[in-house]
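Residue numbers (our numbering), protein chains in the order written: chain A, 1 to 293; chain B, 1001 to 1356.
Because the hints were derived from the structure by calculation, they are not lab data.
Ideal Cβ positions, reconstructed from N, Cα and C, are used throughout, including at glycine.
Among the hints, erroneous ones may be present.
Unchecked claim - Sample of chain A residues facing chain B (criterion: CB under 10 Å; computed from the structure): (1) Asn180; (2) Ser183; (3) Glu186; (4) Ala188; (5) Glu191; (6) Ala192; (7) Ala193; (8) Asn195; (9) Gly197; (10) Ala198; (11) Ser199; (12) Gly200; (13) Arg202; (14) Ile207; (15) Pro210; (16) Leu236.
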Amino acid sequence: MREMIRRFGPGLGGFFLALVALWIIGMVLAPNLMMLNFSLKPNLFPADIGGPKDVYTVSNYTALFGDSVHRSIFLKTVWGSALVMLATLAITYPLAFWMAKVASLRGARAMLTLLIIPFWINEVLRTLAWFIILSFNGPLNAFLLGLGLIDAPVRWQGDFGVLAGMVYAYILFMLFPIYNSISTLETAQLEAAKNLGASGLRIHWRIVIPHAKAGIATGCVFTFMLAAGSYVAPALLGSPGSRWFTEIIYNWFFEGGNWNRGAAYALILLVLCMAVVMVTLKLFRVNLADVAK
Amino acid sequence: MSHSVELIDVEQAFGDVKAVHHFSAHIAGGEFFSILGPSGCGKTTLLRLIAGFTEPTKGRVRIGDKDMAGIPADRRPTAMIFQSLALFPLMPVWENIAFGLEARGVAKAQRRKRAEELLDLIALPGYGDRMVHELSGGQRQRVAIARALAVEPQVLLLDEPLSALDLKLRQHMRAELRALQKRTGVTFIYITHDQSEALAMSDRVAVMSAGILQQIATPQELYANPATPFTARFVGETNDLTGTLRGLEAGLATIATTAGRFTGRTGLGLEDGGRATIFIRPESMSLSRIEMPNSLSAKAVSLEYEGAVAILRAVSDHGQELLATIPNRNLADAPQPGEQIWLSFAPQEALVLADA
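Work out the full structure, taking the sequences as your base and the hints as a guide.
And the structure:
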């Protein structure tokens, strides 16, 4: 802070600090505190607000755990997001390694371009494309039927659809941090390990993954948070059996008209995401500053 | 006896560029063999071929009488010391050293024990739990050597491992490497662009230029009887005078140059009337104030005192730079800059080689 004022002078430096403060207080703290306040009050008619019924309560929080449907959707969102994270990692890690250490410069660039081009299209439209591909009478079923791999069309939409759509949507968030961190690994280390007789698996386990762990942790954190907070993919590619917790929150706000309950659910999701970030960072022994890099 | 290494007509091309042309060499088991050449001459490519990181485009690599075609780097009896050392920065020193044993499935207690033994060997006892970044350049160097020796390789491949060290340490490590090689009996193949390193340590040296093998010889032979003009110029300092060959007899060749006629020993590939160059080492030049047979008239330019000897720089009457060493005991007789002198040499101490 002092550095900032020293460098830009009290006028400009103070202005920058005021902007940051405005951002944090106005855009982050205040809305969340308002949400917290909402979540701790019962849902009342406008006439009752400020009246004797307007008291603080935790009933909006206990409601989630009391409602077996909501509870199971919440838990499903947690492990579903974890699954998305793991599936994305499993697909991305070999790809990132190939791009950073195996492919020629031209090959890596071509792959990167192919991966980025779809992201020029709006997320809803991209998800809609998956909706068409995965639909009951859609191209994927037609293709598999044509090959004779399946006897009857499969209902891909639902759990599988949500998983596929999210992995696809978040792959770059996983790819870039991992690719960046593997790129900084000295190739001679891989050769040295191989020269000493290490198998490919051991080279990854002992050399590449420890080196890239900050990137892997960053990618996992991003992917988990985006998946847990995702709305479009489950709404389009899901089925009644694969509803996502964000849809429940949406319903409380905009269909149930119960902002208090919605605020409580949203805060629970926020706490969950923060817990996952902390646990992941602890697990990888990485601190928040490494992720920010 | 450790394994021999045989390179049979090896060729390596990257696209249209040939990094190594028709290279053949037989390196005996337990030999300290150096490959010497300027950077970009293909010597590292050759080392990577032996290690198995690349397969030759043509030709064969045999280690211990076994053809290495199709055998990947992790299953060859070689260990390599990289120019950058390539130590693993996230592992403590002992795990670095024991990494090859870990890859071979040796139990942890035994790995640790072996690592400690090797730390004793490289005179770094008790350093096992340090991290690589806590070590000095010379210590890292030794850890890299221990890591390579831990897998008990038949052949140790060293890619300019001393180039990052300062002069004193480099000279110390030279002696240490040589002693280590004698003690372990492992075949060493050592890559360097530093001719004094190659001459000081090796049993034999291969000189390479632009992917082409120039000569394989002992250090003494290489210095006294270079086979090609490249080797003559690259190994040690030399004076050279180019001209046309005018007469070959009894092992002596005479060439006519713009500075006069000179006689030296006959080298390879000489043809009467062809272009040839005579090479004279600075220490073979003698200084005089009168004209002698086989002498050049020149003007002294400078005298650089180096302790044991002084280096006299002179320019011949035809504008060519000349070098002569003057031993300490003759220093009183050294010419002043600008003085006109004669530099002469015995025919037995000069060598005439055909121009390529």
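Hint check results:
1. Asn180: Since chain B brings no Cβ nearer than about 17 Å to Asn180 of chain A, farther than 10 Å, the hint is violated.
2. Ser183: violated, 16 Å
3. Glu186: holds, 6 Å
4. Ala188: holds, 4 Å
5. Glu191: Since the shortest Cβ distance to chain B is 6 Å, the answer is holds.
6. Ala192: holds, 4 Å
7. Ala193: Hint holds; Ala193 of chain A Cβ to chain B Cβ min 7 Å, cut 10 Å.
8. Asn195: Holds, because the Cβ-Cβ distance from Asn195 of chain A to chain B comes to roughly 5 Å (cut-off 10 Å).
9. Gly197: At 4 Å from the nearest chain B Cβ, Gly197 of chain A passes the 10 Å test, so the hint holds.
10. Ala198: Since chain B brings a Cβ to about 4 Å from Ala198 of chain A, closer than 10 Å, the hint holds.
11. Ser199: Constraint on Ser199 of chain A satisfied, holds at 7 Å.
12. Gly200: Holds - the Cβ of Gly200 of chain A comes within 10 Å of chain B, reaching about 9 Å at its closest.
13. Arg202: holds, 6 Å
14. Ile207: Cβ of Ile207 of chain A sits 6 Å from chain B, so the hint holds.
15. Pro210: holds, 5 Å
16. Leu236: This hint is violated: Leu236 of chain A lies away from chain B, its Cβ roughly 43 Å from the closest one there, beyond 10 Å.
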